[in-house]
Amino acid sequence: MASSSEVYVSAENLMVNRRAERVIAVVGNPNTGKSTVFNRLTGMRQKVANYPGVTVEKRVGRATIGDSAFDLVDLPGIYGLSPHSTDERIAVDVLLGRILGTPEPEGILVVVDATRLYQGLYLVQQLSEMGRPMIMALTMTDMAHLEGMRIDIEGLSKRLGGIPIFPVVATRGSGFSELKTAISEMFEAVSSEPPVFWPDLRHAAEELQKKIGESAAAFQVVELERAIIDGDPEVVESLQVEAGDFSLDCLLAVRHDLCGDAPPLAAEARYRYTWIREKLSDLQRQVSPLPRLGRAVINWFNQPWPSTLSFIFSMGVVFQAVFAWAAPLMDMIDGATSSLGNWIGGALPPGILSSFLVDGIVAGVGSVVIFLPQILILFLFIILMEDTGYLARAAFLVDRAMRSFGLSGQSVVPLLSSFACAVPAIMATRVIPDRRDRIATILAAPFMTCSARLPVYALLIAAFVPSTSFGLLNLQGLVLFGLYLLGVVGGVGTALLLKRSVLRGSNPIFMLALPEFRFPDLRSVILKLLDRARIFLRRAGTIIFAVAVVVWALAYFPRSASIEDGRIAARSEAAFSLSGQALQAELDRVDNEAAAEHLAQSLLGRAGQAIEPVFAPLGWDWKVSAAVIAGFPAREVVVAVLGTIYAVGGQAEEASLAERLQSVTWPDGRPVYSLPMVLGLLVFYAWCLQCAATLAVIGRETNSWRWPVIAWTYMTVLGYVGALTVYQIGAA
Amino acid sequence: MASMNLSDLKPNDKAVIQSIATDAPGIERLMMMGLVEGTEIIFVRASLGGDPLEFQVYGTALSLRKEQAQQFKIEPIPING
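Protein sequences appear in the order of chains A and B. In terms of numbering that gives the first Met the number 0, the first sequence opens at residue 0 and continues consecutively. In terms of numbering that gives the first Met the number 0, the second sequence opens at residue 0 and continues consecutively.
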């Protein structure tokens, strides 16, 4: 444990300690099926949170085996103990017990992909030298077999100093009962010290300890080793404070003795891979692989041209699916919310409570929840592309093209994910090693059409774009495609602009592991999808609910008695002079007028009117202005707000929101939602950054408040100017 | 023959890494993934437009840009050898 002086205990720490179980870290290379193993062992009993101060996901799950229970921590994938990114840094820090609220793991379950054995064994060597009980799960053994690879598992275990190895097929669940038994016994049969594969490094660390003395004794030997190889800042700084520059001279001296003039990490890689190749090559035999149709097909598809075509095709399928497949489900949700509203409206006397429940809560939240099917379908595709390894292939494919926009192939994964949501996408930019590339990608991501823009797009397109077809192409679909394109153009243009100006620099490195195509594990896909649904519904249940309530209140209060008196007077007057259908029509007209007057003098109405001059050049009336203002914390709220505004201000429960928008007019009878205005509004939504969560994550990931401020200002101005241009040209 | 580097290979060519310019940016990380002297490497294909390049190392498919591939000097392995 580092000699840090953290005396306070976080709430989370307390909770973990109260039900303290032995903690086992699940470690492995990226894309080894590590998380699938973790899911198999822990089932649905997982807790997902973030590590303190960073947005790296922390997954902890309880595995109950017989009478004993263990807490498994699923660490981000690493190739070795030398971190190159935030995720990797976290994984290494957890292993070294340096993260507050995450107890130092007592045991290690290392997951090694049999088809990529050597890279796994590099990590296994390093982990073994940490001296903790360790078990190895060998995944993808079925794939390795098909590829003609034969591994002598028993022999391997012996050469690695007796570490128990369990072949598993994570997707099918085979081999897991043996693995579980071994985990439950791993702390009982602690036999000999685990082996040290690079004794020279161990000696160097001990030498360092001897030279520096006491202040070095506070560190684990592994920590000193990492300091010798990577210059681990935590150790180096602390040594310098405790023992002065002398300790750094010692460090450099032992490093030079160990590695000579070579970079230490290069020396380590040379030593360990040479060891693996020389000591283990006889344990692995290659027979000719079985001819497999699947492999031949995949190989063909991985060629540049087929892969480009399949990429374009699959993007087309995704967008088609998001609209066509989701429609019936959305109709169902729509039907359910409006019958709920009608039922409440019928059961309660008219008045403030009824208005609050029907217009505020049901209309507000319902108009957002309706987009759950689209969001889930989109995420389903993104998860599938991620889990099959297709996203990495796409990055490889487009790297050159992306470079001409100043980005790299690694930007394509975050940018594609931001079609679902910019927040996880911005977190995913961590795979980009170059800081300038990363910031350019972060600022481009919020331009991509995220799922929260879909509600607005869907509503306005359904209401105002005729559903004419040209052969296979539908005009509504074309407009939607155009909006997606607009987002891409905005994002790419922004990246280009940044890379030509403030983020100018040399071409960064680009290294990407291209995972084999594999069939995704259904469990993992479902778990991830449920996660997404939960996040969305939690947002709908908290932020959006709160905004809906506030907006309803702003639109309802203050309630003017004189308007109400006028309405009652006008109604009785009508009842006196008219009858039958004419009476009903007149009553509706009176009610509508009163509702509109109420809205106009409500707080929301006044705010909208105050801001209206700003948006008037875009052709927006005060209601649109008010809705847009209300949408700045979370853009999908706009639909809820429009729903609330036009439900409060109109009588027509039976008409859909789209139909109600069509009938909104200026006092002189011109429709408010004219085509130029609608197109301008769409452009505004394509470019404007209306999402508090995105701003927060930009701030967190760039570690500065400057970038979120720049992004917000830039995108808001761009959206405004875009909408202005479209409206003025269209209206002229 | 002048020394070849990784970017000189033809698709499906095999080679052994001979020497590495370890001080070029990003090279240490590649070495951590097994691209060290003595490692056998296969060039699989180039992407659209000839860059980046896909290699196979110890069962892993890796994508490198030409600039990085040029940091690795290699000795080609004859097809039948």
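These aren't lab readings, by the way, just hints derived from the structure by calculation. Among the hints, erroneous ones may be present.
Claimed, not checked - In silico SDA-like links for lysine to any residue, alpha-carbon gap of 20 Å or less:
1. B/K65 x A/T273
2. B/K65 x A/P432
3. B/K72 x A/D530
4. B/K65 x A/A512
5. B/K65 x A/D530
6. A/K46 x A/D530
7. A/K46 x A/I534
8. A/K210 x A/R171
Here is how each hint holds up against the structure:
For the proposed pair B/K65 and A/T273, the alpha carbon gap of about 26 Å is over 20 Å, so the pair is violated. This hinted pair checks out: B/K65 and A/P432 have alpha carbons roughly 17 Å apart, not beyond 20 Å. With a C-alpha separation of about 47 Å, the suggested pairing of B/K72 with A/D530 is violated against the 20 Å cut-off. A distance of roughly 16 Å separates the Cα atoms of B/K65 and A/A512; the hinted pair therefore holds under the 20 Å criterion.
For the hint pairing B/K65 with A/D530, the CA-to-CA distance comes to about 39 Å; that exceeds 20 Å, so the pair is violated. Using a Cα cut-off of 20 Å, the hinted pair A/K46 and A/D530 holds, with the two alpha carbons roughly 11 Å apart. For the proposed pair A/K46 and A/I534, the alpha carbon gap of about 14 Å is at most 20 Å, so the pair holds. Pair hint A/K210 plus A/R171 does not hold up; C-alpha atoms about 53 Å apart against a cutoff of 20 Å.
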